Amino acid sequence: MAHKRSDEGGRLPRRAGYVLAAVGVLSLGLASRRFGSVLPPFIAAYSGDTLWALLVYLVVGLWSPDAPPVRRAIIAWAFSCTIEISQLYHAPWIEAIRRTTLGGLILGFGFLGSDIVCYTVGILISLAGDSLLSRPQPNEPSRVPPLESP
Numbered sequence: 106m107a108h109k110r111s112d113e114g115g116r117l118p119r120r121a122g123y124v125l126a127a128v129g130v131l132s133l134g135l136a137s138r139r140f141g142s143v144l145p146p147f148i149a150a151y152s153g154d155t156l157w158a159l160l161v162y163l164v165v166g167l168w169s170p171d172a173p174p175v176r177r178a179i180i181a182w183a184f185s186c187t188i189e190i191s192q193l194y195h196a197p198w199i200e201a202i203r204r205t206t207l208g209g210l211i212l213g214f215g216f217l218g219s220d221i222v223c224y225t226v227g228i229l230i231s232l233a234g235d236s237l238l239s240r241p242q243p244n245e246p247s248r249v250p251p252l253e254s255p
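Position one of the sequence shown corresponds to residue 106 (this note's numbering), numbered consecutively onward.
Think of the hints as simulated: they come from the structure by calculation, not from any bench. From a predicted model like this one, the values you see are computed outputs, not experimental measurements. Worth double-checking, as some hints may not be accurate.
Just the calculated beta-carbon pair ranges, DEER-fashion [said to hold, decoys possible]:
#, residue 1, residue 2, range
1, VAL124, ALA183, 30 to 40 Å
2, ALA233, TRP198, 11 to 21 Å
3, PHE147, ARG120, 14 to 24 Å
4, VAL124, PRO197, 27 to 37 Å
5, SER169, LEU237, 30 to 40 Å
6, ALA233, ASP171, 12 to 22 Å
7, PRO173, ARG139, 31 to 41 Å
Built from N, CA and C at the ideal position, the CB exists for glycine as well.
With the hints as extra help, turn the sequences into a complete structure.
Quick look at the structure:
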């Protein structure tokens, strides 16, 4: 059973946090493609795919905010890898979709094993960040009720 987190105490509701994070990650990902020539080569080569997987994790979180983070991570990783493997398929209809801006951003163009490594890193970063942000704040009541003395 998933635990429903209280969003009281001035914290953003979970879905709003995912939306804001997704907008930020999407912006960074697009910027990494647009301005790759001014980034260090390693960052330019791998940041876009890493951020893409991080974005997939956030979309899964938006879709299912009360699912355990590990479940969200597994779903995001499986989706990302499925999209990467789909790049081995080159039927005319899917190539037409890939030639559109949105289709190219979502589906990619050619299979690269290094992309799966980037997806794994992006999702692990997402999982770590989500776990840290889900911790109770110092002024937030504990999620575990205190034990009563006999």
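Quiz item: Tell me, which hint numbers fail for this structure?
Solution: When the structure is compared with the hints, numbers 1, 2, 3, 5 turn out to be violated.
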